[in-house]
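Protein chains in written order, with the numbering used here: chain Y, 1 to 408; chain U, 409 to 816.
It is worth saying that the hints were derived from the structure and are not from the lab. Among these hints, one or two may not hold up.
Derived DSBU-like pairs (lysine-lysine); straight-line CA-CA distance at most 30 Å [as the list claims (entries may be wrong)]:
1) 353(Y) <-> 473(U)
2) 622(U) <-> 784(U)
3) 502(U) <-> 353(Y)
4) 761(U) <-> 698(U)
5) 538(U) <-> 353(Y)
6) 29(Y) <-> 761(U)
7) 698(U) <-> 784(U)
8) 65(Y) <-> 761(U)
Ranges between beta-carbon positions, derived for each pair [unchecked claim]:
9) 758(U) <-> 72(Y): 40 to 48 Å
10) 553(U) <-> 295(Y): 50 to 58 Å
11) 373(Y) <-> 552(U): 49 to 57 Å
12) 451(U) <-> 288(Y): 47 to 55 Å
13) 295(Y) <-> 420(U): 51 to 59 Å
14) 498(U) <-> 373(Y): 35 to 43 Å
15) 746(U) <-> 101(Y): 22 to 30 Å
16) 780(U) <-> 350(Y): 46 to 54 Å
17) 372(Y) <-> 775(U): 37 to 45 Å
18) 758(U) <-> 350(Y): 51 to 59 Å
Note that the structure is a prediction, hence the values are computed from the model and not measured. Glycine included, C-beta positions come from ideal geometry on N, C-alpha and C.
Number of protein chains: 2
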Amino acid sequence: MAVHLHPLSPSDLLPIPGIQLGYAMAGIKKADRKDVLIITLTPGSSVSGVFTLNRFCAAPVQICKQHLAQTTGIRALVINTGNANAGTGEPGLKDANAVCDAVAALLEITPEEVLPFSTGVILEPLPVAKIITALSAAKANLIDAGWYDAAFAIMTTDTLPKAYSSSQEIAGVKVSMSGVSKGAGMIHPNMATMLGFIGTDIGIDAQLLNTLTKEVADLSFNAITIDGDTSTNDSFIIMASNQCGIYIDSTEHAAYAPFKAMLLATAQDLAKKIVRDGEGATKFMTIEVKGGANLEECKLVGEAIAHSPLVKTAFFASDPNLGRILAAIGYAGIQDLDVNHVQLWLGDVWVAKDGGRNPDYREEDGQRVMSEAEIKVTVDLGRGQSERTMWTCDFSHEYVSINADYRS
Amino acid sequence: MAVHLHPLSPSDLLPIPGIQLGYAMAGIKKADRKDVLIITLTPGSSVSGVFTLNRFCAAPVQICKQHLAQTTGIRALVINTGNANAGTGEPGLKDANAVCDAVAALLEITPEEVLPFSTGVILEPLPVAKIITALSAAKANLIDAGWYDAAFAIMTTDTLPKAYSSSQEIAGVKVSMSGVSKGAGMIHPNMATMLGFIGTDIGIDAQLLNTLTKEVADLSFNAITIDGDTSTNDSFIIMASNQCGIYIDSTEHAAYAPFKAMLLATAQDLAKKIVRDGEGATKFMTIEVKGGANLEECKLVGEAIAHSPLVKTAFFASDPNLGRILAAIGYAGIQDLDVNHVQLWLGDVWVAKDGGRNPDYREEDGQRVMSEAEIKVTVDLGRGQSERTMWTCDFSHEYVSINADYRS
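This is chain Y alone, in the form it adopts within the complex (with noise of 0.2 Å):
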């Protein structure tokens, strides 16, 4: 069902030295799936994430936070699928460090240099001896070349891998960067991904990189939306690794814009696949609201047409019911909107005029754009210059029977 998302190929991905994955098998939810990965790092790597705002945030979420500010030296993350080991109360901060304890004692490093990250049902207990047995497995397969497999091992009820790599020059020197992500529902921003990791050559201040992180995230994952839902587990990661011979030590330096550039087409890219494989979704929609007065106006109304079941199911029907994006954006929060200053395109198509009806619009011109499967919608809002994108999916009856189904 996915929109426009490509199987992947091992060929596409780039190996990113001083960076190694590896997978296990090892039966939490489904027998003969990769379900745990191993991601070692160099000593000398900076190691960045971002987490979900969810207060209910997973046993994994709380321990990562921890020790990313214990230790400066992050050295393998370990991450699960089939299981979130969320709402699971301090047996699962016991259960998650478990994971780390064990994956040190493998590699020979401290539990505080492990990160852990799970996905999956929450509200039920982590199959600790499961994944643990598994580790040695996934530490044998540990290569250069595991993005592949890493994108595989992620996924829950993603129908296909996600996975992004690009290299150019920069400085004068070749930098690389690899990323994979998963989705698929339980999608809304702050954070919008389930889980996503990139990699990278570069090395880079670590407090740089947090900086970088939080806005590269506000501008990829926390634009996107599938359901609304915020996950107990979100997170995404950079990691750096320092093996190309460029360290930026400051936001002059002359490798830092056109790295930050290389970061943001990476994680909007894998962001982007997330919604192209949201659950059920057979529409990708741009939607881009502008001439709002503050960026939070412009979020409110991105947010309020990218969540509305109406909305969304009109899109899944190629109907173009556009009625449903008025009232949207009459609902979305701005208490002195003035709808006759509001203007609205489907595609390339001048829909609502000055708050009403444009009187050239012909059903048919929307009826054209609807039936694609990418879509873009614009908003006016004719109050300033602030201006904001986030994409979304539609809404299917495939949508329905994935979450009514997920669990049996």
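Since chain Y is already given, all that's left is putting chain U on it; use the hints.
The following block gives chain U in isolation, referenced to the frame of chain Y:
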């Protein structure tokens, strides 16, 4: 598909002295369908209304507010289905005024004494000629016992008509009350129903009725949600015809408290009926949030649970995938929520204790409750004494079908 909502019988509904109702078939969207309704009120009646907060509020809503502010003596309501007259700009206002003018001419009253209502598709011009042509038939049909047909005449995607009547002795006098409402999608607090009308033969001061209408709406129509979409046309109207011999002039009046209770019971019944007939509904859920530090945070949590597509699809599947409820509590927006004090019950089953899975919780107990058609979810936030109850329904394949097909 409606949940425990029974077909209406004409004998269920009491006539209200001083109020007459008459329908017509104008062929607005479909032929042979009751789609226009006139309600007339005897001189000396009090009328009060609350309306959608959507900034794209429909032309008739704007005119209702004007007329209620301009005149003390509303004498007639005119309602059409099949077209919302929303997102229609200046021509929409002209159209709604033309309908009021026609009703006024027909009934020999002034246009300011008429309140117009429309419900249906947004962004399409109102077929004024069809409506005006049908008005004389509606006038010819005016009867005291018109509530039964009125319940049908205001339906759109509703599968069953919604109405409620009761009479009781208040301060030694028999007081009667009848009401009708319609849903069934684009339903969200502020306002929750697209249309709700209650008539009673009591007399009441206009200002007092205004205050009472807001209070009652908050605990009934503003406490339900189907899909979180706030309509452009929501309106809730109370009409008091002053025919039974009681006139309430202050909150100290002996009849005030019993009348308020009667009104609340009627409004809650009509509101819950909208949920029972929510688009595609197979389950009716009562969500009680207690232990909040204030009412606002109880609302946030109740709405987060009630809006979550993941929670709603799990209920559709009768799957006790209850971690999704914890996730919704966690992202509801209480920044300082200590999840270790949160308790969750499904019916009488204690699912989450102190923020984690209750050690005594058994899946089969959760499954037993989930299999029922009416389910209560209770959340204790462990922070204070405030509480709030909401009503919602599940999210099924049928919802997608209805909204993907709505215009066809």
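Hints, one by one, checked against the model:
About 25 Å separates the Cα atoms of residue 353(Y) and residue 473(U), which keeps this hinted pair within 30 Å; it holds. About 26 Å separates the Cα atoms of residue 622(U) and residue 784(U), which keeps this hinted pair within 30 Å; it holds. Restraint check: the Cα-Cα separation between residue 502(U) and residue 353(Y) comes to about 18 Å, which is no more than 30 Å; the hinted pair holds. Annotation: proposed proximity of residue 761(U) to residue 698(U) holds, straight-line Cα distance about 15 Å (limit 30 Å).
As the CA atoms of residue 538(U) and residue 353(Y) are separated by approximately 26 Å, the hinted pair is consistent with the 30 Å bound. For the hint pairing residue 29(Y) with residue 761(U), the CA-to-CA distance comes to about 25 Å; that is within 30 Å, so the pair holds. With a C-alpha separation of about 13 Å, the suggested pairing of residue 698(U) with residue 784(U) holds against the 30 Å cut-off. Of the supplied pair hints, the one linking residue 65(Y) and residue 761(U) holds, its CA atoms being roughly 25 Å apart against a limit of 30 Å.
As the Cβ distance of residue 758(U) to residue 72(Y) is approximately 44 Å, the hint placing it in 40 to 48 Å holds. Range check, residue 553(U) to residue 295(Y): about 57 Å between beta-carbon atoms, so the 50 to 58 Å window is met. Roughly 56 Å separates the CB atoms of residue 373(Y) and residue 552(U), a value that falls within the hinted 49 to 57 Å. Between residue 451(U) and residue 288(Y) the C-beta distance comes to about 54 Å, which sits within the given range of 47 to 55 Å.
Roughly 53 Å separates the CB atoms of residue 295(Y) and residue 420(U), a value that falls within the hinted 51 to 59 Å. Range check, residue 498(U) to residue 373(Y): Cβ separation about 36 Å, and the 35 to 43 Å hint holds. Separated by about 27 Å at the C-beta atoms, residue 746(U) and residue 101(Y) satisfy the suggested range of 22 to 30 Å. Between residue 780(U) and residue 350(Y) the Cβ separation comes to about 50 Å, which falls inside the hinted range of 46 to 54 Å.
For the pair residue 372(Y) and residue 775(U), the supplied restraint of 37 to 45 Å holds, since their beta-carbon distance comes to about 43 Å. With their beta carbons about 56 Å apart, residue 758(U) and residue 350(Y) fall inside the hinted range of 51 to 59 Å.
The structure agrees with every numbered hint stated previously.
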